[in-house]
Amino acid sequence: MADETWESLLRLLRARDAIAWNQLIEGEYVQIHSYLLGHARRRNSYQGAPIGDPEVQEVTTMLTNDAFVEAMSDIEAFDPSKASLPTWIKWKGRAKMKGLLDPVIRFRKLQRVDLPPPRRADARDHLQGTPPSSRSAESEALSMISTTNLREQVMKVLAAMPADRAALLLRVWDARLDGNPFPIRSVAARAGVSAVAFDSRYRRAARDFSTRWQAAYGDDRGIGPW
Amino acid sequence: MVMSNFDDVELRLFELFDAALEESPCPPPHVEELDDSNTDSGVSPEIVSMWRRRLQAQMTAGFEFGSLLQLRREAMGYSVASVCAQAQWQPDRLIDLEANRLDINDIQASSVAMLLRALGITQVGPIDAPVRTYIQKLPFVRQIDQVPICGHADHSVSVVNLPAPPSSDAERIDHEATARVADRYLNDLREALSALDDVATG
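Line order of the protein sequences matches chains A and B. For the first sequence, this note's numbering gives the first residue as 14, with consecutive numbering after it. For the second sequence, this note's numbering gives the first residue as 84, with consecutive numbering after it.
Honestly, the hints are just simulated from the structure, not real lab data. It should be emphasised that the depicted structure is a prediction, and the values quoted were computed from it without experimental measurement. Treat the hints with care, as some may be off.
Covered stretches of chain B (chain A as the covering partner; in silico rule of three or more C-beta atoms under 8 angstroms from a C-beta of chain A) [said to hold, decoys possible]:
no., segment
1, 101 to 114
2, 138 to 144
So the derived label-pair ranges between C-beta atoms look like this [stated by the list, open to error]:
no., chain 1, residue 1, chain 2, residue 2, range
3, B, Phe89, A, Ala229, 17 to 23 angstroms
4, A, Arg203, B, Asp90, 18 to 24 angstroms
5, B, Asp186, A, Gly205, 17 to 23 angstroms
6, A, Ser94, B, Ala164, 35 to 41 angstroms
7, A, Pro93, B, Ser194, 23 to 29 angstroms
Glycine included, every Cβ here is placed at the ideal spot set by N, Cα and C.
Just need the whole structure built from these sequences, with the hints factored in.
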């Protein structure tokens, strides 16, 4: 965006001015789409590429569009002191992969290995993009509350950590989430650092998180010393 | 306290991250550092532009061009008079445009460019779809009915085999002509905005 940065548009974006959202899309779409496409491709690739690239692109376009539309409706929740708006939108798209892309990958993988056709329930789950669930509404609500609490706890510990250590930990987790079998080696290569040096920094970051987590919430999650 | 193996702890740590962060609508702290986007995805820029334009059209769907400009002006907190003073427009013409009553064919692209600039719009992309829809309302982009000539020379034509008149206005729109007119107008608008940009930057 030459003239219109997201910062200069923020007031209008918060007012849900459609032209302002289109100005943001004009400037940021390519970068956000490309970021999500990279993740989607890696995720597909590490699963043996069961879906072809045109379909990965199609699903990524859906994810990108959903992320922008959701960002528009949730714009009050955006806090510029925590992340930039493009990062916030990218994260929204990223968070949707589990529900939108992963079921397609799983479904295609099943088809490719010539397993018996999926049960009716599985096919429906694939279309709806949700895993099979027989839980009651009450237990779903409880689980949502506990996820929210957990999220707040993890975010608090990460926020208290030095930025470089938290970022390093998140970067490895991010690569692992894509299904990368060698996340440390791959992240180290991308950062231009030797894998051994990176591993040592990574272990320090993990120890830092573990110590802070235990001090704040105890050892019930098994993130103890080693 | 029992000492654990690092691999086990790492596994549990990532399980914790999966549960807490994988579907989180907000990025965790320091995630900005993760942002290593490479904009060259290998997909043709024309295709990505087409996807972008579709999303932009979706964002403005259901709004007419004039109404969008009115919403923009109000969101910026400007009055009709202040925008008109800046864009050198007549207030009644702006009111007509905002009410979608003004024929865009009667306004020069350079004049619309000045209005857009006064409203902080410096590119054509964000208003591409609503301008195209607005242009569809122009009478000359509608199809002229192809009525066969009935006369003494052509004995095959009778009242019975005359084509049925179009049932709705939508059917009468000549989409190719509309696209041509829209492309031309948007191109003029792009050039006018760029000229204003050159003037502004000296």
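* Asked: Taking the beta carbons of Pro93/A and Ser194/B, is their distance inside 23 to 29 angstroms?
  -> At 36 angstroms between Cβs, range violated.
* Asked: Is the distance from the Cβ of Arg203/A to the Cβ of Asp90/B consistent with 18 to 24 angstroms?
  -> Cβ of Arg203/A to Cβ of Asp90/B: about 23 angstroms, so the range 18 to 24 angstroms holds.
* At the C-beta level, are Ser94/A and Ala164/B separated by a distance inside 35 to 41 angstroms? -> Once the Cβ atoms are compared, 37 angstroms apart, the range 35 to 41 angstroms for Ala164/B and Ser94/A holds.
* **chain A covers the segment 101 to 114 of chain B, three or more CB atoms within 8 angstroms, holds or violated** => holds (count 14)
* Whether the CB-CB distance between Asp186/B and Gly205/A falls inside 17 to 23 angstroms -> This hint is violated: roughly 59 angstroms between Cβ atoms.
* To do: State whether the coverage of the segment 138 to 144 of chain B by chain A holds or is violated, taking the criterion as 3 or more residues with Cβ-Cβ distances under 8 angstroms.
  => Three-residue rule met by the segment 138 to 144 of chain B, so holds; n is 5.
* Confirm or reject the claim that Phe89/B and Ala229/A have a C-beta distance inside 17 to 23 angstroms. => holds (21 angstroms)
Against the hints set out earlier in the document, violations occur for numbers 5 and 7.
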